[in-house]
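Following the working numbering, the numbering of the sequence shown begins with -15 at its first residue and continues without gaps.
A hint or two may mislead.
Subject to a maximum C-alpha distance of 20 Å in a straight line, what follows is the list of computed SDA-like cross-link-like pairs (lysine to any residue) [what the hints assert, rightly or not]:
| hint | residue 1 | residue 2 |
| --- | --- | --- |
| 1 | Lys108 | Arg34 |
| 2 | Lys108 | Leu78 |
| 3 | Lys108 | Arg75 |
| 4 | Lys108 | Trp66 |
| 5 | Lys108 | Ser51 |
| 6 | Lys108 | Ala83 |
| 7 | Lys108 | Leu330 |
| 8 | Lys108 | Trp82 |
| 9 | Lys108 | Ala162 |
| 10 | Lys108 | Thr76 |
| 11 | Lys108 | Val80 |
| 12 | Lys108 | Ser52 |
| 13 | Lys108 | Arg361 |
| 14 | Lys108 | Ala134 |
| 15 | Lys108 | Pro176 |
| 16 | Lys108 | Ala175 |
Derived CB-CB ranges, DEER-like [what the hints assert, rightly or not]:
| hint | residue 1 | residue 2 | range |
| --- | --- | --- | --- |
| 17 | Ala119 | Asp345 | 40 to 50 Å |
| 18 | Asp292 | Ala24 | 26 to 36 Å |
| 19 | Leu19 | Ala49 | 40 to 50 Å |
| 20 | Gly331 | Ala134 | 38 to 48 Å |
| 21 | Gly319 | Pro356 | 25 to 35 Å |
| 22 | Leu19 | Gly121 | 15 to 25 Å |
| 23 | Pro226 | Gly94 | 47 to 57 Å |
| 24 | Pro226 | Gly149 | 34 to 44 Å |
| 25 | Asp37 | Thr334 | 15 to 25 Å |
| 26 | Asp345 | Gly105 | 45 to 55 Å |
| 27 | Ser298 | Asp50 | 25 to 35 Å |
| 28 | Leu330 | Thr39 | 45 to 55 Å |
| 29 | Arg249 | Thr291 | 44 to 54 Å |
Since the hints were made in silico from the structure, they are not lab data. Just so it is clear, the structure is predicted and the values come from calculations on it, not from any experiment. All C-beta atoms in this analysis are idealised placements derived from N, C-alpha and C, irrespective of residue type, glycine included.
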Amino acid sequence: MPSLRRPSVAATAVAAALLVAACERGPVPLALEPLPSPAAAQAAEPFVARADDGTIWMSWLERQADSSVALRLSRRAADGTWSTPTDVVRRTDLFVNWADFPSVVPVGEGRLLAHWLQRSGNGKFAYDVMLAESADGGASWSPAVLPHAAGIPAEHGFVSILPRGDGGADVILLDGSAGGLAAASGHEHGAPMQLAMATVRAGSVVESRLLDDRTCDCCQTAAAMTTQGPVVFYRDRTDGEPEVRDIAVLRRVNGTWSAPAPLHRDGWAIASCPVNGPQAAALGDTVAVAWFTGARDTARVNVAFSTDAGATFSAPVRADDGLPTGRVDLELLDGGTAVLSWIERLGGDTAQVRTRLVRRDGSVEPALVVSPSSGARSSGFPRMTRDGDGVLVAWTQPGTPSEVKVARLRAGRR
């Protein structure tokens, strides 16, 4: 990610004001409970997701002694214990990336849908998205399928899996197939990355479509389901110079996809991908979305809310503490308050995983430090999911060896 300027006196004053205002509101309203982790040493890139019955599934990558990498999976029971981890896939040709990591998502009717990245050629960035389904709690998996065209040596990834409620799922991804085809045809400058969607049911792709033909190259996508249909967020990319790479939103209402629209006109002019995508959550018609921006040379984490299923959004609320790296995640609690996580720098590569409550009225509660961390890539992207009246958070603890840590966040009464 391109570096931003050192914080100005004004930016430092803003950070101090945020901290003072937070302190004046009293005790931290989030309680942190460390939990045992099912992951072994050499683990990283966790992902957590909750099934309709409240069961939580955690997946992660684990490097093996034989130079292979395993995508591992464990289930957290109601009593808080984790099942013995199993392999979703174990191969020597998995594409492992600190920002573009696998997931396993419950999609209804007792089914799980997993995705991972697998090399497809000799190029540094030639890899496919692979999808497989399990109907027996991860004991066995269907043959893997691709949600994009096969045989094109190009980048594919940054997947969001959105359950449809009928055992199927919409798979949102960034698809570099057009660029791969252009390069294969001898064009020096390939086509841009595109936003695509594939609908998967019973282990097969039953529909696919293009959602946006020009997007940022390597930022995560996000998707949330409202009572009116899905809402998708991603980092868009304008034509011409300078390129502006702000967050865009798409909705599907009554079966029809809207045209891409800016979530907020940050105006971040940047020539390359910042590797910092949005995250979103929905309850009913309430949607919350968090994102990182470096517009006007100021790094910040913003949160915005919608109460009409993503048709309109509130003005963004700045929710960091002055020196954010970004790498956000977000969940909604009952009542519409958002739990935000992000990585905040302390200086150099020293950083912390932090969380805080952000309310729909624009107020932010004091930040809670989840763990010391690093601003380096090895710290990855912390991930969260709802867990009863709280949130479960998992993150990579960098080191030799790296570890996957887990904790539970619970919001106290005010």
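These are the hints, each one checked on the structure:
1. For the given pair, Lys108 sits about 34 Å from Arg34 by alpha-carbon distance, which is inconsistent with the 20 Å threshold.
2. A hinted pair counts as satisfied when its Cα atoms are at most 20 Å apart, and Lys108 with Leu78 qualifies at roughly 12 Å.
3. For the suggested pair Lys108 and Arg75, the alpha carbons sit about 17 Å apart, so the restraint of at most 20 Å is met.
4. Between Lys108 and Trp66, the direct Cα distance comes to roughly 36 Å. Violation of the 20 Å bound is thereby established for this hinted pair.
5. Annotation: proposed proximity of Lys108 to Ser51 holds, straight-line Cα distance about 18 Å (limit 20 Å).
6. Between the alpha carbons of Lys108 and Ala83 the distance comes to roughly 16 Å, so the proposed pair stays at or under 20 Å and holds.
7. A threshold of 20 Å between alpha carbons decides the hint, and for Lys108 with Leu330 the separation of about 33 Å lies outside it, so the pair is violated.
8. Restraint check for Lys108 and Trp82: satisfied, since their Cα atoms lie roughly 15 Å apart, inside the 20 Å limit.
9. Straight-line distance between C-alpha atoms of Lys108 and Ala162 comes to about 17 Å, which keeps the hinted pair within the 20 Å bound.
10. Proposed proximity of Lys108 and Thr76 is supported: the alpha carbons are some 15 Å apart, at most 20 Å.
11. The hinted pair formed by Lys108 and Val80 meets the criterion: a straight-line CA distance of about 12 Å does not exceed 20 Å.
12. Straight-line distance between C-alpha atoms of Lys108 and Ser52 comes to about 18 Å, which keeps the hinted pair within the 20 Å bound.
13. For the hint pairing Lys108 with Arg361, the CA-to-CA distance comes to about 18 Å; that is within 20 Å, so the pair holds.
14. For the hint pairing Lys108 with Ala134, the CA-to-CA distance comes to about 17 Å; that is within 20 Å, so the pair holds.
15. Pair hint Lys108 plus Pro176 holds up; C-alpha atoms about 17 Å apart against a cutoff of 20 Å.
16. Distance hint between Lys108 and Ala175 is fulfilled; the C-alpha atoms sit about 18 Å from each other, no more than 20 Å.
17. A hinted range of 40 to 50 Å holds for the C-beta pair Ala119 and Asp345, which are about 44 Å apart.
18. Taking the beta carbon of each, Asp292 and Ala24 are about 45 Å apart, not inside 26 to 36 Å as hinted.
19. At about 27 Å, the CB distance of Leu19 to Ala49 disagrees with the hint of 40 to 50 Å.
20. The hint said 38 to 48 Å for the Cβ distance between Gly331 and Ala134, and at roughly 47 Å that hint holds.
21. Taking the beta carbon of each, Gly319 and Pro356 are about 31 Å apart, inside 25 to 35 Å as hinted.
22. The given range of 15 to 25 Å is respected by Leu19 and Gly121, whose C-beta atoms sit roughly 21 Å from each other.
23. For Pro226 and Gly94, the hinted distance range of 47 to 57 Å is satisfied, since their beta carbons lie about 49 Å from each other.
24. Between Pro226 and Gly149 the Cβ separation comes to about 42 Å, which falls inside the hinted range of 34 to 44 Å.
25. Evaluation of the 15 to 25 Å hint for Asp37 and Thr334 yields a failure: the beta carbon distance comes to about 40 Å.
26. A beta carbon spacing of about 51 Å between Asp345 and Gly105 agrees with the range 45 to 55 Å that was offered as a hint.
27. Checked against the given bound of 25 to 35 Å, the beta carbons of Ser298 and Asp50, roughly 51 Å apart, lie outside it.
28. For Leu330 and Thr39, the hinted distance range of 45 to 55 Å is not satisfied, since their beta carbons lie about 36 Å from each other.
29. Restraint check, Arg249 to Thr291: a C-beta distance of roughly 21 Å breaks the suggested window 44 to 54 Å.
The earlier numbered hints that this structure contradicts are 1, 4, 7, 18, 19, 25, 27, 28, 29.
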